[in-house]
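Line by line, the protein sequences give chains A and B. Going by my numbering, 49 is the number at position 10 of the first sequence; the sequence numbering is gapless. Going by my numbering, 1190 is the number at position 3 of the second sequence; the sequence numbering is gapless.
Be aware that a few hints might be false.
[Stated by the list, open to error] Residues on chain B that point at chain A, a partial pick, calculated with CB under 10 Å:
id : residue
1  : Val1196
2  : Leu1204
3  : Phe1210
4  : Leu1214
5  : Gln1272
6  : Tyr1350
7  : Cys1353
8  : Val1357
9  : Gly1362
10 : His1365
11 : Pro1366
[To be verified] Pair by pair, the computed Cβ-Cβ distance ranges are:
id : chain 1 : residue 1 : chain 2 : residue 2 : range
12 : A       : Trp149    : B       : Tyr1212   : 28 to 38 Å
13 : A       : Gly119    : B       : Lys1193   : 23 to 33 Å
14 : A       : Gly119    : B       : Ser1234   : 51 to 61 Å
15 : A       : Gly119    : B       : Thr1219   : 20 to 30 Å
16 : A       : Ile138    : B       : Thr1219   : 23 to 33 Å
Because the hints were derived from the structure by calculation, they are not lab data. This one's a predicted model, so the numbers in the text were calculated from it and none came from an experiment. Note that beta-carbon positions come from the ideal geometry of N, C-alpha and C, so glycine has one too.
Listed here are the chains, written in short residue letters.
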Amino acid sequence: MWLPIFGLIVGVFLGLMTDIRIPAEYSNYLSIAVLAALDTLIGGMRAYLQNLYDERVFVSGFFFNIILAASLAFLGVHLGVDLYLAAVFAFGVRLFQNIAVIRRILLAKWSKSPEKSL
Amino acid sequence: MKIRSKHFVLSLVALVLGFMVAFSYSLTKKNTDRHKLSDQSWDREYSLRKKLVEEEEKTRKLQKELSYRQAEITRVENRFSSSEQNFAAITKEAEKYRMFLGKVKVKGEGVRVTLEDGEYRSDSDVNSYIVHEQHIFKVVNELFISGAEAVAINGQRFTRRSYIVCNGPVITVDGSQHPAPFEITAIGDPDVLEAGLNINGGVKDQLVNENITFSIEKEDELEMNPALGGS
């Protein structure tokens, strides 16, 4: 159970320590990738709560979404179309949907469990 | 084992996520820092620009003042030069007056008048055969009237303040004695001077009537020394 948290801490530490300078036009890719990662994470959490969680789907979705979002943004930059906006939109909508689902599930659980305990 | 691998994969995911988030965060922070820096530099540039404008304004003002001062200097210099010209004119005039006063050596064309005692004949008074001071007066006055600029008697400059005294066989001009023959030189227009002396019933005729040997000759170049002493 502590291993993922440890991994998170190490990741944050590495990210803060890394002193690589990326040109400003590539920061878009990074933000898109972050958004995709968050989306996948939240989606995984939802799936877990709905008992639909599949590790392979989660992990492959996590990395594939990151790469896809980054490449979409790359393509958009090279075509002169702000395609990363599509990714932002899609991921954003899905993020909110997933969070809403998670909230409802949690609320349902919370409202159920007191009944149980009572 | 299964749990372990699950945890491992999850931690890998967490690591990547944490890395990306942290990296993005630090990158954004750096960018904002840079923006702040550029803001500062913009401020600095603005203040420097303002300073530059102020300096230019000052420079323009100073240039205006400089041109004004230069104009003033030119004006003063003009005044100086005109007063210098005046000085030069005054100096020239003073030189001219000095010439008239006999204070400087003068040179020029003129006439030479020689008065000698007449040939003595024993039947009459000796006095009526020698040159008297009034003869010299006459000649000198006639020369001055005719426009002589400078007159000398036997080489001694004769000025307008000079005096002539008859002192026996000699005459005294300004205290120095001169014997006959008297040579009166005058600088001026020789034709006019000669005509003035030769006029009918004029000085020459009167002197010849008084038994004085009178001779006049034109000179191309006469030189006279300044009068000694006196003011």
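Open item on the list: Can you verify the interface hint for Phe1210/B: is its Cβ closer than 10 Å to any Cβ in chain A?
Closed with: Holds: closest Cβ of chain A sits about 4 Å from Phe1210/B, inside 10 Å.
TODO: Could you say whether the range 20 to 30 Å given as a hint is met by the Cβ separation of Gly119/A and Thr1219/B?
DONE: holds (27 Å)
Open item on the list: Just to be sure I understand the hint, the distance between the Cβ atoms of Gly119/A and Ser1234/B should be within 51 to 61 Å; is that true here?
Closed with: violated (39 Å)
Task: His1365/B as an interface hint toward chain A, with CB separation required under 10 Å - done: Because about 118 Å separates His1365/B from the closest Cβ in chain A, which is outside the 10 Å limit, the hint is violated.
TODO: Can you let me know if the beta-carbon spacing of Ile138/A and Thr1219/B is within 23 to 33 Å?
DONE: At 27 Å between Cβs, range holds.
- [ ] Under 10 Å, Cβ to Cβ, is where Gln1272/B needs to be relative to chain A, so tell me if that hint holds or is violated.
- [x] violated (77 Å)
Task: Restraint check, 10 Å cut-off on beta carbons, for Cys1353/B near chain A - done: violated (125 Å)
Task: chain A contact restraint for Tyr1350/B - C-beta distance below 10 Å - done: Tyr1350/B check fails; min Cβ-Cβ to chain A is 115 Å, beyond 10 Å.
TODO: Using the Cβ atoms, figure out if Gly119/A sits within 23 to 33 Å of Lys1193/B.
DONE: violated (43 Å)
Task: Evaluation of the interface hint that places Leu1204/B against chain A, nearest CB under 10 Å - done: holds (5 Å)
Open item on the list: Holds or violated: the hint that Val1196/B contacts chain A, with Cβ atoms closer than 10 Å.
Closed with: Hint holds; Val1196/B Cβ to chain A Cβ min 5 Å, cut 10 Å.
Open item on the list: Quick check on Pro1366/B please, does its C-beta sit within 10 Å of some C-beta on chain A?
Closed with: Because about 123 Å separates Pro1366/B from the closest Cβ in chain A, which is outside the 10 Å limit, the hint is violated.
Checked against the numbered hints given earlier, the structure breaks hints 5, 6, 7, 8, 9, 10, 11, 13, 14 and satisfies all the rest.
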